[in-house]
Structure formats: C-alpha cells, structure tokens
Amino acid sequence: MSGSGTPRRAPRGRHGECGALDHMVAGAREGRSQVLVLRGEAGVGKSALVEYLVESATGCQVLRAAGVESEMELAFAGLHQLCMPVMGRLDRLPEPQRNALAVAFGLSVGHAPDRFMVGLAVLSLLAEAAEEQPLVCVIDDAQWLDRVSAQTLAFVARRLLAERVALGFAVRTSNRAPGDDPLSALPELVVRGLRDDDARALLDSVVPGRLDERVRDRIVAETRGNPLALLELTRGLTADELAGGFGRPDARPLANQIEQSFLRRIGSLPDDAQRLLLAAAAEPVGDAPLLRRVAERLDIGADAAGAAEAAGLIEFGARVRFRHPLVRSAAYRAAGPGERRDVHRALAEATDPGFDLDRQAWHRAYAAVEPDEALAVDLESSADRAQARGGIAAAAAFLRRAAELTPDPVRRGTRATAAAQATFESGAPDTALALLAGTETGPLDEAQQTRMARLRAQIVLARRRGGEALPLLLDAAGRLERFDVGQAREAYLEAMGSAVYAGCLGVSLGVREVAEIARAAPQGLRPPQLTDVLLDGLVTWFTEDCAAGAALLHSALAAFRRAAERNEDDIMRWLWLTWLAAGDLWDDETWYVLSRHAVRSAREAGALNFLPLALSYRAAVHIHAGEFDMAGTLIGEATTLTEVTGNAPLGYSMLLLLAWRGEDPQAAELIEAGVLQATSWGEGRAIGGGHYLLAVLYNGLGRYEDALASAEPAMEYEDLGVAGFTVFELVEAGARSGAHEAASAALRRLEELAEAGGSDWALGVLARSRALLCEGPAADLLYREAIERLERCRIAIHLARTHLVYGEWLRSVNRIPDAREHLRTAYEMLQGFGAAAFAERARRELLATGESVRQRAVDARDALTAQEAQIARLAADGMTNPEIGAELFISARTVEWHLRKVFAKLDVSSRKKLRGALARG
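If you use this note's numbering, the sequence shown corresponds to residues 1 to 921, in order.
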C-alpha cells in the first residue's frame, strides 16, 4: 500500500509529535533511516498518530502490522504480517537469508533458523523494497507482538542506517523491566495527555448541551488529557451530571475505566452482534472470510455486523479491525467461558488445516473442556513444527497447553518439563521456573523429578554464572546417575564450570572438592564422548597433578579441534570451559582453531546470541598475536551485537586489550570496575583475572612493585585460565623489583604448568622466565631458546616482550650492539602492535644505548572507527557490499555509506586502492 496523496491534518494538540513523524518520513525519502517508538498509556492517541504517519507518507510504500494479544505465543506472526506485501522480493536475497525467512514463515521445511539470521533477512528485504520506493513500516500495539517478532524487529531497527526506510512502533506503557522490552533501547517519543486547553476544546466538541465548567475541569484532571478517555467516559454521564457537577466516585485505573465504557457499549448490543465481536476478538489476524464462515456456523444473523459497526466498535472490510485494542479485550472478557469455547470451536472447524494446521490446533485447545490425549499429541506436533521454524517461544506455548490437556499424570509431567525447557530456551527463565514450580507438585516419577532439578540448576547457572547453581547441579548429577549416566556426567561438567567461575567466592565447595565428587561419577559411554574426556581431564587436573591432568586435557582438546574441523556445532556448547583449559595448557593451536570455528559457524548460522562470545575469544587470539587493531574491531562488533541482542556485555577481551595497550591513564580504574561488576553476580574468577590484567598493565609501565602486588594475590586461588599467565607476570615483576624469593616461587609453579603444557609457547615463556633469574652464559642461552620457541607459535606479543627483556639484560652486561638489535626489534614490534607502554620501555632502553628513536607518524587509519576499519579490510580483500553486509549483519546500502567515509578518510577513490592505503603507515 502507498501513503495517501493528501496529508492528514495533525490531530488536536499533537503538532510536536506530528513534526517528529514528518521528520521520519523526510529522512526515509532522503536515504537516512529513521526509527521511532511512540510510547504512551492506553487511549492517549498513539493510534491516531500512527494514522497520521501512514497518511503523511505520500510517495512511499507503507507496510503495516499490529500486535494482537492472543497471537503473542505464535512465533513470527507479527513479522509475517509486516513482510507479506514484499515477499515477492524474497528471491533477491542471499540464499542463507532467503532460506531462513522461508522456514520461519512456514514456506519451506528446514532446520530452525536463528532469529537473527531471520532479522538479517528482514533487513535485506526491507532495504531491497526501499530501493524502488521509500518505505514506511508501522507496527501498532507493539506490546502484543510475539517475542520473536519483537526481538527481530528491534534487531532490524538497530541495524538501519542508510536505507530509505522509516520504522515506527506504537507501544503501550507498561511496568516491564527494560531488559524484558526489546524496544526499550530504541529512539522514543513519549505520548502524553493533551494540554488542558486542548483537552477542554476536545471535550466541548463532543458533549452536546451545557457542560458545567467545574465538571469539565474535573473530567480533564481525572483523565489527564487522555483523548480516548475524554471521548468515552463522558458517554457514561447523564446530562444532569454534566450540567450539575455531580462527581463519579470511580477510582479505577484509567485503562480499566475506558474498557468498562467499551463493556457497557458491547453489553447494549444485540446478542448476535456481541457474539460476532467475540469471534472477531478470538480470531487474531482479521481474516474477514474466516469470520464469515464462523458466523454461519454460529447462526449469527447478517445484521450483526451492521450493529457492531454502527456502535463504532469495529470495521468490516478486506480485513477486520477493532476501533481500539481495548475493544478487542473487552469483547473477549465480556463473554463467559462457555461462549468463548463455542467460538474457538467454530474457529477451529472453519480453519482449513491444510492452510493453518497449527492455528486450528490452538483454537481446538481453547475449545477443550476435558483432558484430551489426542489433542495434546497434536499440540506436541505443532510445537515440533514451531521449533523447526525457529519459534521456540511458540513451541513452549504449545507444549504448556499440551501438558494441561494430558490425562496421564506421568506423561503430563514429561510434557511440562519439555515446556519448561523450551520456555527457558526462548529467553523466559522466570516463566520456566514458575512452570517447574507448578509441575513439581504433581505426581512425578523420580526420573522426571531429577530432570526437572537439573533444568532448574541450568536456569540458575545461566542467570548467575557464579556458584549459586553449584549445589543444585551436584544434586541433579548425583540423582541422574541412576537414570542417565550421560546426562549425569554433563551435569557434573556444568558443576565444575560453576565452581570454576565462582572461584574464590565459592561459599561451600571449591573446585577441587567438586572435582573429587565428580571423580566418583560412573564411567560414560564407550567410546567416550567429548564431554566425558573433558570431564575426566578437568577432574584429574584439579585432584592429582598437572602432568596427569594435562595428558587427558590434551586428548580432550585435540578431540574438540577435530570436531571443529568437521564443522560439528555441538562443541560450541562447551567452549567456555575448553577455552580456559587451553589457556592453562598454553595451547595456542586450540585457541586458534576453536575461536575460528566459533566465529565462522556463528556467522553462518546468524547466531547473534553466541557470536559476541565467539568474537571475544577470537579477539583474545588476535591480541596475543599482536594484532590489536583487528582485536579492537572484533571487540567493537561484539559490543554492538550485545547491544542489539540485549545480552550482558562481555568485558574481558576489552580489558585485556586495554591492559596490553597501557596508554589509558584510567586503565587501572576501568579494570577494577570491570572486576567489581563481575563479582556482583558471584563470578569470583574475575578477581584473579583482574589481578592478572593489572600485572600486565604495571609491567608495561615499568611499575614492577605494583605489578608484583597485583599478581601475588591471584596465586592464592589459582583460577583456571588465569594462573599460568599470572605466574609469568609475577616472575618478571619479582625479578625487576628485587623480590627474588617471590619470583623464584612463581618460577617453580610456572615450571609445573609449562612442562605440563609442553607447547612452544609454554616452553618459550618458561625459558624466558628462567633467564630473568639467571646470569652469564646460562641466561644468554635461555633467552635465545625462548626466542626460538616463541618464533614457532602465534604468540607474537610474548616474542616481542622476550626481545625486550633480552635487550634490557644485554645492555646491563654492556653488550650494547646486541642490545640495540633486540631492543630495536622489540620496539618496532610493540609499536606496530599498539602496545604503547611496553614500546615506551623499549624506547627508553634504546635511548640509553645511545640510539636515536624515530617517533611513530600519525596514521590515517587511526581515524577509522572499528566498523569502518573492518569494512575497509573486507572490501580490500575483494568482498562485495552484499557479502560484507551478510558478514557484519548490516545492509549493503549501509556498507556503501561506510565505504564513502572510509574513502574520504584514507584519501582514496576506489576499492582497488584500499589495500595499499591500509598497508601504509
């Protein structure tokens, strides 16, 4: 549909709001994407503003959708409404996006698409449609969108930039927490009641006869200028009340008062008209032919529609539309349970199962009075289809109703557990916990109770990654041993992870005690699964010695690497533990392979919930490789995506980069603030991580006493993935500050860890650390061994630091020419990485040898933002704009907009010159 040729006059008292809407349309016409959320209470005038926006969009294509309360459980329902008019362009999208959207909308069969791949497809579809004509998308009653549609549209809104698209939402004010409202972070305009003078004028225009001034002022005050309330509430007042000032002692909330007004009007209609309104309220999509078939089945007379329309409550056209959402809710609530069941039964009978089998099952479920196993089975099938389309929230809703309709108590418990699992996976942990609480009171067998206990523990672990879930996981694991050894061992592995992250804040059990408990678990399947080998390795690592544990962990990590090479996605579920174990083994190969696979698979699947974590891990790989710019780009992308998805921020890689750069005067305060934030939810491992980061920072700045003071507390509780790195920093800090006893003790621990790791990285940092505490030829040989080993691995940052400390030692023994060689190498490497503090150490030492040091010239690349730098690199590698857009989850037009800025900043005129411009400096 296109906007009206005649712009609508602004509603009374809404010139400011209409100006904002005019700005939206103008921006879309000029290729500047616009997003705005109109937020206000029921009846305040949001729908009138939506109509103004639609009618003002002259020369634009308009797409409309409206949330419907009864549709909230059906995945992608709102998105489907919005996109159907432009689905003819589906074949123009890249194949992964095309397939994801087709599966989500039930147009084809396939694996469940990630909702953010669907979001990217919608973004591309809207951008494609906008190339032909500016596009204005309007979503009314957005508070009733199904969760997946709301999240997807929020994703699209945040990625719009240079498309000819305006995206407007109208949403009712609610008490939902910002984290529960996907639209909460979007640009917002709060729609308030009319000013008193406008409210009085509106009231005067609709009240016939004399209106007592005091009554008018009281009505204006009580309604707070709410236009619908002004229009509706006066219908309930007699002429005497309007003229004489007799007050209404009605203290109900305003929305309730408006709904009561609608209830009175509905109640005054003929019975057939009331039943027709009820049927329209129960049918969420406004399907006029379907409603006619339902009316025939219910023997509703032909004059019922006219009576409902004449009352100003509903419009019957190509689609059925209520005057206001409160009319829909009032029509449904006005009916008794039996009347509702009759209407749902008629809707089920009138719905073609070949066209919409799942909606038919939904209506059958609401028409049911008694438990019905056959219907519960059908609802399970609907849940399976919903999940296959990526509609996990819809699957959860079907499963919840299936459980309610299940006659057998044991089977009911099984379905209720499945419903709770799906509800948890859909991002509603509180609802899942409530389901579990309700189910636990029923007659469950021991196996069901145990699986529910594990699910409860998993929910707690997901919400707070510290030790709160630990006793729950251990209890579930112990009970699962009798029913499912594989699940029991997975629960023990989750318990190990909980203990690892709780760290020194673990209240009852430490990780060693948890490992002792897990050691007694039954053996897993043969051949062992990936999780079996990982669990055995971690148990041995914490209960025996490094060497024995390392042997098993090496086998486990090798198995995970092979699985990654085979592109098995299930390994990503345990990346949070394998990553830490690889760190303590100095296993840069596992880091590289698993992080590469994680980023690639997350991008291909469009898994934006997981992608920020994968990008964070990959950024750490780049930091250790000395590729700080690339790390910063990935960290920036991860930060953007966490904002898009509404997930908790991932701060470790950002703080790691901050520590290695060493140039921010507030770096220490930022690290300490990050630690404080993590510990607030019980993640004690962050304390050890913070000590390590501060030690890196202070060693770079040459503040060795501070580095020593930071590193020593971290050794009191050896956190997985932190201990080895910390002892490395402690040796250098102790050697440089004269604390040789502390340095020697740290070296002994490093010898255990490094020899267990056995990689060139491990043995290289060990040789370097030994050299720091040696003199004469032995030190010289150890430094050379360290350089030789570190040159064979990817850890360039430690290689550069080894050149630095070797050069410092050479100068101290007066071997000036050799010192200059290694100090120059260190300075050039560190300066090139962006490790400013360590580079400054090298520069000072070079100056002390009598060598002049040229300052680094300002690089034009520094002017690029993180996203511009990443787009420039991808374009330089030959990727097209659509390919770059798919990689970064933005539209091709936005890529083009960024590239124009890149060209201007780098002073190049074509993509061919990008590679050279990026290589300079």
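None of these hints come from the bench; they were simulated from the model.
The structure presented is a predicted model; accordingly, all values stated were derived computationally and were not measured.
Mixed in with the good hints, there may be bad ones.
Label pairs and their computed distance ranges (CB to CB) [as the list claims (entries may be wrong)]:
hint	residue 1	residue 2	range
1	Ala302	Glu404	31 to 41 Å
2	Pro353	Asp22	41 to 51 Å
3	Arg292	Gly59	31 to 41 Å
All C-beta atoms, glycine included, are put in the ideal place defined by N, C-alpha and C.
Taking the hints in turn, this is what the structure says about them:
no.	hint	in the structure
1	Ala302 / Glu404: 31 to 41 Å	37 Å, holds
2	Pro353 / Asp22: 41 to 51 Å	46 Å, holds
3	Arg292 / Gly59: 31 to 41 Å	35 Å, holds
Checked against the numbered hints above, the structure breaks none of them.
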